[in-house]
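2 protein chains.
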Amino acid sequence: MSKNAKLRLVPLGGLGEVGKNMMAYEYGNNIMLVDAGLMFPENDMLGIDYIIPDYEYLLDKTDRIRGIVITHGHEDHIGAIHHILGSAPVPIFATPLTRGLIEVKLSRHGMLNKADLRTVQAGEKVQIGPFAVEFFHVCHSIPDAVGLGITTPAGLVVHMSDFKFDHTPVDGWPTDYAKLAEFSQRGVDLLLSDSTNAERPGWTPSEMVIGPALRDVFEHAPGRVIIASFASLISRMQQVADTCVITNRKLAFAGTSMVDNAKMARKLGYLSVPDDVLVPIDQALNLPAEEVVLMCTGSQGEPSSIIGRLSTGTNRQFDVHAGDTVVLSSHPIPGNEEPISRTINRLFRRGAEVIYDAIAPVHVSGHASQEEQKLLINLVRPKHFLPIHGELRQLKRHAAMARELGIPAENIVVAENGQVVELSGGELKLAERVPGGYVFVEGGSIGDVDLGIMREREKLARGGIVLIDLSIDKFTNRPLHEPEVITRGFITSEDAGDLIPAIRQRIKELVNGGGLDDEKVIVDAVRSFLYNETKRRPMVFVTMSKA
Amino acid sequence: MSKNAKLRLVPLGGLGEVGKNMMAYEYGNNIMLVDAGLMFPENDMLGIDYIIPDYEYLLDKTDRIRGIVITHGHEDHIGAIHHILGSAPVPIFATPLTRGLIEVKLSRHGMLNKADLRTVQAGEKVQIGPFAVEFFHVCHSIPDAVGLGITTPAGLVVHMSDFKFDHTPVDGWPTDYAKLAEFSQRGVDLLLSDSTNAERPGWTPSEMVIGPALRDVFEHAPGRVIIASFASLISRMQQVADTCVITNRKLAFAGTSMVDNAKMARKLGYLSVPDDVLVPIDQALNLPAEEVVLMCTGSQGEPSSIIGRLSTGTNRQFDVHAGDTVVLSSHPIPGNEEPISRTINRLFRRGAEVIYDAIAPVHVSGHASQEEQKLLINLVRPKHFLPIHGELRQLKRHAAMARELGIPAENIVVAENGQVVELSGGELKLAERVPGGYVFVEGGSIGDVDLGIMREREKLARGGIVLIDLSIDKFTNRPLHEPEVITRGFITSEDAGDLIPAIRQRIKELVNGGGLDDEKVIVDAVRSFLYNETKRRPMVFVTMSKA
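The listed protein sequences derive, respectively, from chains A and B. Reading the first sequence from the start, the letters are residues 1 to 547 in the working numbering. Reading the second sequence from the start, the letters are residues 1 to 547 in the working numbering.
Some hints here could point you the wrong way.
As the list makes no split between identical chains, a pair holds if one copy fits it or if it spans any two.
Result set (DSS-like, lysine-lysine): computed pairs, CA atoms no more than 30 Å apart in a straight line [said to hold, decoys possible]: (1) K459 x K535; (2) K114 x K535; (3) K374 x K429; (4) K546 x K508.
Just so you know, the hints here were simulated from the structure itself, not pulled from any lab data. If you're wondering where the values come from, they're calculated on a predicted model, not measured in any experiment.
From just these sequences and the hints, can you work out the full model?
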C-alpha cells in the first residue's frame with residue numbers, strides 16, 4: 001500500500017439511495033464500476049418509466065473504465081446496464097445467476113451479442129485494472145449475491161452491497177463469515193455497508209419463516225392463490241414452488257419478465273421446480289381453482305402490473321374474484337405505501353382475500369437490520385467507514401451506530417450521490433462534487449425529461465389549464481370570431497357552461513377597450529378574473545393573431 | 001326497544017377512512033350526526049387544499065337533523081363544521097375543550113355568532129331527537145375526548161370514536177371502563193369501534209413514554225429544539241411545556257393555528273404552561289439558542305407548513321441551521337411517508353439534527369392496537385359489530401378479530417362510506433348505497449373540482465402539453481403566419497429548438513397537402529409525429545382560424 005496512493009469513490013445517482021445503483025472506484029487513470037441499476041419513480045413523478053444514475057461524470061472518461069462488477073441480479077443493480085454499455089462497451093463481471101439475469105435483460109434490448117460478459121464464482125479473485133477484486137458469497141433475497149473485497153494501492157476496501165446474515169437461507173448457503181474474518185485479519189482500510197434498514201432494530205428474520213406462512217395460506221385458501229412479487233425475487237419463487245409441491249398445487253408464472261427470469265434461473269440450476277408442477281398460465285386457468293397458484297408482478301401497486309390491473313378489473317387474461325386469495329409477498333419500496341394500500345383495498349372490494357405482511361409473515365426484508373449491521377462492523381473492524389445504500393436519514397443513523405461501536409467520528413464519512421470521497425494517506429475525506437442527478441427515462445427519451453419539466457408538470461396538474469385563442473381584425477381591432485376557450489383539469493363541463501361565456505365577455509371588453517397588442521395583457525386579465533371567480537390559479541395560455 | 005324499530009347508520013365520505021369524518025344516525029324522520037371533519041389530500045391529489053365528506057345525502061333532509069355530536073377536537077372530526085353549518089344550522093354538542101377548538105375554527109371563518117354550541121361534560125346524558133346520548137370519557141392524543149352510548153328505539157349503540165386504553169395519560173384521566181361495563185350489563189346491541197390500528201399487534205404505548213424521550217433530547221440538544229406536530233395535538237403541547245419547565249427552556253408556539261389553539265386550551269385549563277416559560281416567537285428568536293424550544297406545524301412534510309418551509313430554506317421568520325435539533329413528534333398519516341422522508345433528508349442536509357420515531361420514542365399512536373380493540377369488544381360484549389375509522393383493509397382485519405372473539409360472522413358488517421347499514425328486528429344488515437364521494441375543497445371552490453378534473457390533471461402531468469395555433473387564409477388555404485407552438489412539461493427549451501421547427505414543418509406539409517378543415521386531423525398528425533420522435537404522448541391542442 002503506497003502512502004500517497006489516492007483512491008476516489010464516486011457514488012452516482014440522484015437524491016435516492018446513495019451509491020446503490022452505481023458506484024465508481026477511481027485510481028489514477030483507472031475506473032471500475034460496481035453495479036448499474038435503475039430506480040423506480042416516486043409516486044408523484046408522473047409519466048416517468050424509470051430512473052437511471054446520472055453518469056455524465058464518466059462520459060469523457062469511458063476509455064478509463066476497466067470493467068463493471070455486478071453484485072446481484074435485482075433491477076436496482078442491473079437495470080441500467082444496457083444504457084451504460086451503449087456509452088462504454090466494457091467487460092461485465094458477475095456470478096452465474098446474476099449473469100443469466102443480465103442476459104435476459106440484454107437480449108430483450110437486442111444487445112446480448114455486443115456485451116462482454118464474464119462469469120465469476122464466489123470465492124474467486126479477478127484483477128480489474130489496479131483493483132484486485134475478491135468475490136465472496138452473501139445472503140440476500142436472490143441467490144448468488146456477492147460482496148467484494150477490493151485490494152487497491154490505497155488499501156483494502158470491503159464493499160457490502162445488499163446483504164443480510166440469514167442463518168437459514170432458502171438455498172442453504174449462508175454469508176461467508178470466514179472471508180470477512182480473513183479480511184479483518186489482513187486489515188480493512190475502508191468498509192462500505194448497506195444502510196437500508198439502519199432504522200430497524202434487531203435482526204432481520206430468516207427467509208425460512210416464509211415457508212410455513214405460505215403453506216398455511218395454500219392449505220386454507222378455498223380457491224386460487226395469486227402471489228405478487230418482483231420478477232427478480234428468485235428466492236421467493238423457490239419458496240412458492242416448494243410449497244406448491246407440498247400442498248399439491250400447480251404453479252404458473254404470469255408476465256414476460258417473471259417467465260423469462262424463472263426460465264433462466266431453472267436452466268442455471270438456481271430454481272428447482274418439478275416439471276409436473278410448473279404449468280403454462282393458460283393451462284393453469286383451466287384447472288380447478290383449488291389446485292392453482294399464480295405468481296406475477298405488481299407487489300408495489302404499479303397500475304400497469306398484473307396485480308394493478310387485476311385490482312381495477314382491467315387485466316386481459318384473467319380476473320380476480322371471490323374465492324381467490326392474493327398474497328403480497330414483498331416489501332413496499334419507500335414512497336409506494338399509498339398505491340399498495342389502494343391496491344389492497346381494491347382487491348378486497350372485488351371479493352378476494354388479501355394476505356400481506358401485517359397479517360402473516362409472507363415477506364421478510366432482504367437487508368440487514370441494526371444488530372447485523374453492528375456484527376458486520378465488528379467482524380470487519382475497518383479503519384474507516386462509509387455508509388451506502390440508503391437515503392441521508394439512514395446513512396446518518398448507520399454512521400451513528402458505527403461511532404457507538406468505537407469507530408472514531410473523523411474516520412466516518414457521510415456522502416450523498418455526486419459527492420466524491422477520497423481514501424488517501426490513511427485518511428478518508430470529502431473531495432469535490434460531480435453531477436449527481438436523476439436521469440429520467442420516459443418512452444424513448446433518456447434524460448430529455450429534466451427537473452424543470454417535472455416542475456412544469458406539477459404546475460399543470462395543480463391548477464389545470466385554460467387555453468384562449470383569439471383572432472383580431474387588423475384594421476378594426478375587433479374580434480373576427482368568438483374567442484375560443486378550452487380548459488382541462490380546471491372546471492367540470494357543467495361549470496364551464498357558466499364560466500366560459502363570462503371569460504369570453506371579459507376578453508371582448510378588453511379588446512373593445514382598444515389598443516390591445518399584447519397576449520400578456522389578456523393572460524393577466526383572465527388570470528385575475530378566474531382567481532376572483534374561483535380563488536384558483538390555472539395556467540392560462542393565449543394565442544392571438546391579427547388578420 | 002320496539003321490535004320493528006329501524007335504525008339507519010350512514011357513513012359519509014369517499015374512499016378514505018370509513019365513518020371517521022362523519023356518521024349519520026337516522027331514525028324515522030330524525031337525523032343525528034356524529035363528527036364533521038376533513039380529510040387531508042393524498043400525495044398525488046395535486047392542487048387540493050382539503051377534502052370534506054360528501055353530504056349530498058343530507059341536503060334534502062336538513063330539516064330532520066336534530067344536532068351534531070363532536071367526539072373530540074382534531075381536524076378530522078371538526079374541520080368541516082363550518083361547511084355543514086352553512087347548509088344545516090343545527091345545535092352542536094361537545095365537551096369544553098372540543099367546543100373551544102370549534103370556536104377557534106368558526107371565528108376564523110366569521111361564523112362563531114351564527115353557531116348554536118352546547119357544552120356537554122363527559123358523564124352527562126343529552127336527548128337529541130329520539131337519541132339519548134351518554135357522553136363518556138376516552139383517552140386519545142387530545143384531552144376531553146368522548147365515546148358515545150346512544151340509546152335508540154332499535155337498541156343501545158356504543159360508538160367508540162378515536163380512542164386508546166392509556167393507563168397513564170398526560171391528563172391523568174383514563175378511559176371510563178366502568179361506563180363501558182355498565183353498558184355491557186344493560187346489553188349492547190351494536191358496537192362501532194376505531195379500526196385505525198387493526199393491523200398493529202399488541203398494546204399502544206402510553207403517552208407517558210414521550211416525556212423522558214423529550215427530556216433526553218432537550219437536555220442534550222446543543223442549541224434550539226424545534227418540535228413539529230399538529231396544531232390540535234394539545235396533549236403533546238402539555239408534554240413539551242412540562243419538559244421545558246424541567247430543562248429550563250422557554251417555549252414559543254409558531255403559526256396561527258398552533259398559537260390560537262394553545263391560547264384556547266390554556267384559557268379553558270386544558271393546557272398548563274407557566275407564564276414565565278411561554279414567550280412570543282420573536283422574543284424566543286433573540287434568546288440564547290440553548291434556552292429555546294419552538295413548537296410548530298409541519299410534521300406531515302406539508303410544503304407550506306413551517307417545517308416544510310424550513311426544510312427548503314423558504315421560511316420568512318427564521319431558518320434552520322447547524323446546532324438546531326428538529327423533533328418530528330407525530331405519526332405519518334398514511335400516504336405521507338414520502339414527503340415526510342424528503343423533509344427529514346432536507347433538514348439533515350441543512351445541518352440540523354433530526355429526531356423522529358425510528359430514533360427515539362418522541363411519538364406514540366393515539367389509537368388502540370389489537371389487544372386494546374379486543375379488550376373493548378370483550379368489555380362491551382355487543383350483539384353486533386360494525387368496524388369504523390379505517391380503510392377497507394383495516395375494517396376487514398378488525399372484523400376478523402371480532403369473529404375470533406366469538407361474535408358470529410352474520411352479526412358483523414363491513415361497510416364503506418356511502419353504504420347504509422340498518423339495525424332492525426335484532427339484525428344488522430346492509431341497505432342501499434347513497435352518494436359517498438370526496439368533496440374537494442380548493443381555493444374558493446367546494447366540490448367544483450371532481451374526480452374527472454383530477455383525472456385530467458393527472459393526464460396533463462403525465463405527458464405535458466403541446467399547444468398549436470394556426471391561422472389559414474380562407475381563400476388560398478395557406479397559413480397566414482408560422483404556426484405558433486407552445487409546450488409545457490414536455491421538452492426542455494434546448495430540445496424545443498430542434499423539435500418545434502420540425503412540428504411546424506409537419507403542419508405546413510399537412511396544410512399544403514390541402515383540404516384541411518379539421519383541427520382533429522392536425523391533432524392526430526402532431527400526436528403521431530411526436531410519438532415517433534420521442535415515444536411519449538403529450539396532450540396536444542390545436543386552435544385553427546380561417547381569415
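Verification of the hints:
Taking the shortest Cα distances, K459 and K535 sit within 30 Å of each other both inside one copy (16 Å) and across copies (23 Å). Proximity of K114 and K535 under a CA criterion of 30 Å is satisfied inter-copy only: 24 Å between copies versus 58 Å inside one chain copy. In this homomeric assembly, K374 and K429 come within 30 Å of each other (Cα to Cα) only inside a single copy, at 23 Å, whereas the closest approach across copies is 55 Å. For the homomeric pair K546 and K508, the shortest alpha-carbon distances inside one copy (15 Å) and between copies (19 Å) are both at most 30 Å.
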